[in-house]
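Residue numbers (our numbering), protein chains in the order written: chain A, 1 to 303; chain B, 1001 to 1338; chain C, 2001 to 2508.
Calculated from the structure, these hints are not laboratory results.
Check each hint, because a few of them may be wrong.
As the list claims (entries may be wrong) - Each pair of labels, with its calculated beta carbon distance range:
no., chain 1, residue 1, chain 2, residue 2, range
1, B, PHE1110, C, GLY2230, 26 to 36 Å
2, A, GLY129, B, LEU1005, 26 to 36 Å
3, A, LEU276, B, LEU1114, 44 to 54 Å
4, A, LEU131, C, GLY2175, 50 to 60 Å
5, A, GLY209, B, THR1015, 32 to 42 Å
6, A, ASP66, C, SER2248, 53 to 63 Å
7, C, ALA2397, B, PRO1063, 42 to 52 Å
8, B, ARG1062, C, ASP2073, 30 to 40 Å
Glycine residues also receive a C-beta, built at the ideal position from the N, C-alpha and C atoms.
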Amino acid sequence: MDRREARGAARFSPAAGAARLIAGFALAHKKYGAEWWILIAGALIVLFVIYTALFPSTLAPYDPSDQSAGPQLSAPAARHPLGTDNLSRDVLSRVIFGSQTILGVAFAAAIVSSLIGIPLGLFSGFLGGFLDRALSLVMDSVYSFPGLILAIAFAAMLGPGVVNITLAVAVIYIPTYFRLVRGQTLTIKEEVYVEAARAIGARRWTIIGRYIFPNVIATVVVVFSLNIADAIMTEAALSYIGLGLPAGIPDWGMDLAMGKKFLPSGTWWMITFPGLMIMILALGFTMLGEGLAEILNPRLLEK
Amino acid sequence: MKNLLRYLITRVLLTVPMLLILLTLVFVVLRVMPGDPVSAMLGAHAPERVIEQKKEELGLNRPILAQYLSYLSQLARFDLGDSMIFKQRVSQPIVEKLPATLELTLVGMFFTLLIGIPLGAFAASRRRSSRDFAIRLYGNVVYCMPVYWMGLMLQLVFGVWLDWLPISGRTGSRAMPSLFERTGFYVLDTLLAGDLAACGDVLLHLFLPSLTLGIVLSGIFVRLTRANMLDVLKSDFILATRARGLPERLVVYRHALKNAFIPILTMLGLQFAILLAGAILTESTFSWPGMGRLLLERIYLRDYPTIQGVIVVFAVFVSLVSLLVDLIYAAVDPRIKY
Amino acid sequence: MVASLFTGCAKKAAPVKTLVYGTTEKVTDMDPASAYDFHTWEIFYNIYQGLLGYPPGETNIVPALAASYTPNDKGDEFTFKLRKGLKFSDGSPFNAQAVKWSIDRVMALKGDPSWLVTDYVKEVTVIDDLTVKFTLNGPVAYFPAVAATVPYYPVSPNVYPVDKIVRDITELKGGKLVGLGAYEAVSFKRDQEVVLEANKNYYGSKPLVPRIIIRYFADATTMRLALEKGEIDLAYKTMNPSDIKDLSKNANFTTYKLSGPYIRYLCFETSESVFKDKRLRQAIAALINRPEIVEKVYLGQNEPLYSMVPKGMIYHTEEFKTVLGDGNLALAEKLLKEAGFTAKKPFKFDLWYTPSHYGDTEVNLAEVMKAQIEKTPAIKVNIKSAEWATYKDQWKAKQMPVFLLGWYPDYIDPDNYTAAFAGTAGSKGMGINFSKPEWDALFTKEQTNTDSTARQQVFEQVQKMWTDEVPTAPIFQGNLFVFTKKNVLDVKIGPTLQFLYNVLRFAE
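From just these sequences and the hints, can you work out the full model?
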């Protein structure tokens, strides 16, 4: 490696990328004002919910399935800050444990999607040719289709169960990662430094690994966050219509569907809190993603 | 012009493989399914022999590839097959219920535009102000709100507490749709029949469900409008109008918006897919007799041909709308060169 | 085409008095030979007729399409004399040939309710145009009650295909439902609405409300709101308990509480599943805490049930209460230990329910039962669900070791609550697969014996044996609720749970 290439490579090493991210944060505060606060707010929400998902027992006063936690259908009060449901279970505990379910499924789905979509996008964009065109066509077709409907079809066919629901949700986001990464790959591929690297005989893997991948990562992180927000909404919707997880696992979507039946009687707490949590969590990831986007690349999301 | 024509033709032709891919995906999903559809249909009183016979009849014993090819050839003839549970053509309930969903989606689109465009334009014109911030927050919050929750809230507030609007069905209980039903689009049908009272009733029933749908999608629309408007507002053309001394309001709402309009409309076409997805959830909340409810009912009954048919119809619609949008965009947007 | 658009103008609805009936039920098959669910039978009660029937709200059998009937001495032959001059709503004549044709069709098609015919009837003979004779397999004490059930309803040979079950109205020749009932179905949109209008050719008391629209709701909550808003006049099946509680207190509505013969219970697959061992079945039955279920899930709107024969029916006893009890942890653990299960080696099984067929509360019922059963660490329960169509399929294929089920009576007699589950033939159809010769002998005895003391002895014995073998475990007896606007009168539904619409009326 001579000095020129070394300088070029240094621009794109993962270390450099991380450094840029951090520098971006530090400077962002001054430069971006409102976006900065959005990002922080989003991050705080996300971190808090991740904490409740990982350590629910530290926060939840009762077992979420405990059917004798308190009086039936009691409004929020001291002992039960979010009230109790129709089976005398503590709503606060159910909401806390429910975060495990929804976050788990959303995260897992996003990871599965990205693990499939990103490599496909990288290779397809890099290699080009017929494979690229065919794959793009497939991905574009699936992308244009209403995701929820596809998820419903998958969930209905596979049946209830954590793994099945995760798969049903994951499938619809693969094209998102694919298209994003492929687009980025195509752009970077044309850059001069990549041409130069190729000219001096750098192997494909080196090019992909050293030049393309690190640059793609930044945008992927943004999309990952937004993807999780969307996956949360999809999982909740599936549970709501009854195609989600089996009964027994605390789940916001199912609790919302159950709470709906009691709303006209004046029992507002059973539906409000799960609904609010779905919204807040999705919002948190959205704000995190958008905040990151504005800071890293303001033009990214305006497609 | 010749280039444009070439693009148009290519684009139309491209729809075919895209549709094919979607249809294949649907076929694959529905065959992965566990459980025996024929036993479910005939009941276990039926002897083994009869079950086997039925399977032969439905072609479920043939190799997958043969089933796939016959599926495709049927679709090419617009034949969606027969329901496995009821003795009816799959197309029958679809033709009945599709207008209901389309009517809901179209009026929902109207509300999306009504809310999203002015808010987005306003936010763009006041970039970085607290009002801009508030509007963008509105956009995000509303998009993250589960549509069925919003529907229930609206039902309660406007339907029950204020008692202003009906909360279920397409018509009032005492109306007789069979008297005016012609196309299935009740607003159109009641007008054609000259029955203004019925038309009013239909519109009232459309209001809450489509408002629900419209509000949720307006969230995305606010952002898209704002982004497009920001682009336009930076352009030289706007600079010139400002230089001419026009009041800001005219600059934003007449000139800038006019230019941003077409891209905004094409974006609406792309959001059609999201609208259809939201329609499914809205239909169950408002007991709206459309394709969404049909899909869910048939899923519970394990009526695979109908489930397949519904999804195929959705796929076709989405492809057509996306095609239409691309064509309009290509024909109309002066910025694109071929 | 343009011309027709304009000439089709101004067809305004003539103001016909209409009653709108909201329900969350679903219509299944439009065929008496195959439908075996509560709601579809209710529609048949009103658009078709049987040879015999019940007056609205009563339990005595009265002539309907048949003007009279005569049993022979042995009680195994019934001769029916049909009413003169009756026509189906399309004008075709109703006669003995139509009756024989319909019964033969039910027997040939072997649909779900066909056992109500084939178990009792050997053959049907046409004596003349207005006389038809049923020859039974053996004497049956309560045959008139059986003959009043829906599978015996004559249908028009001109309309129903003889060799197929009709699921949908489009499969009928002419595309219309043609019957002899008080109403005729003029429009049928599955899962949306059914429109009934008074049948001009009906021989009995003409309906007081000329048109009824049955509106199908996907969701009980929306139905409650629709009732409160006045969008529907009557709501029946199946409101949520919290809605029932509120509507009962609401002075704007009339509440009808129908107590009686609707029961809910657990079925065990007794031939091959983990519940082969009757001690395990006894243990589960002992662990159930019925009063808690009724309170928690149904807000006290139902009643605990301690026998398959419901309270209010003849020969009812409460054996389950005395022998096994409620929430009897001690007894259950003893039985489990005997069967080889302890906290270290727990008994694991799947408990199945169906999410919407019995209302939206079913998942809560399953959750509460799971909590009750798991009070002993020697058991681990997994809750599973399947929609109704799949549920039926699964129980017949022996895929569910224990599952929640419900029962509305086909006819008012304890036999319908016992033999149907523990008699060899009935038990197989219900996925319980219980078969013991002593039980079958007892059932035959009570079916053929008209002496009420003898029958009482048999039923008391059977109910006692039930707590030992536990093919099913009764849970609660359900109340059904109808809510109407204050101006809707004469909702007359008796212990038969037959809802006849022709006596409904609006207050003046």
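Now for the hints, and whether the structure bears them out:
1. Taking 26 to 36 Å as the suggested C-beta distance range, the pair PHE1110 of chain B and GLY2230 of chain C conforms, at roughly 28 Å.
2. Checked against the hint of 26 to 36 Å, the C-beta distance between GLY129 of chain A and LEU1005 of chain B comes to roughly 27 Å, which is consistent with it.
3. Checking the proposed 44 to 54 Å range against LEU276 of chain A and LEU1114 of chain B shows it is violated: the Cβ atoms sit about 27 Å from each other.
4. Evaluation of the 50 to 60 Å hint for LEU131 of chain A and GLY2175 of chain C yields a pass: the beta carbon distance comes to about 53 Å.
5. Our hint of 32 to 42 Å for GLY209 of chain A and THR1015 of chain B holds, since their Cβ atoms are close to 37 Å apart.
6. The supplied range of 53 to 63 Å is broken by ASP66 of chain A and SER2248 of chain C, whose beta-carbon atoms lie about 30 Å from each other.
7. As the Cβ distance of ALA2397 of chain C to PRO1063 of chain B is approximately 26 Å, the hint placing it in 42 to 52 Å is violated.
8. Roughly 60 Å separates the CB atoms of ARG1062 of chain B and ASP2073 of chain C, a value that falls outside the hinted 30 to 40 Å.
When the structure is compared with the earlier hints, violations turn up for hints 3, 6, 7, 8 and for no others.
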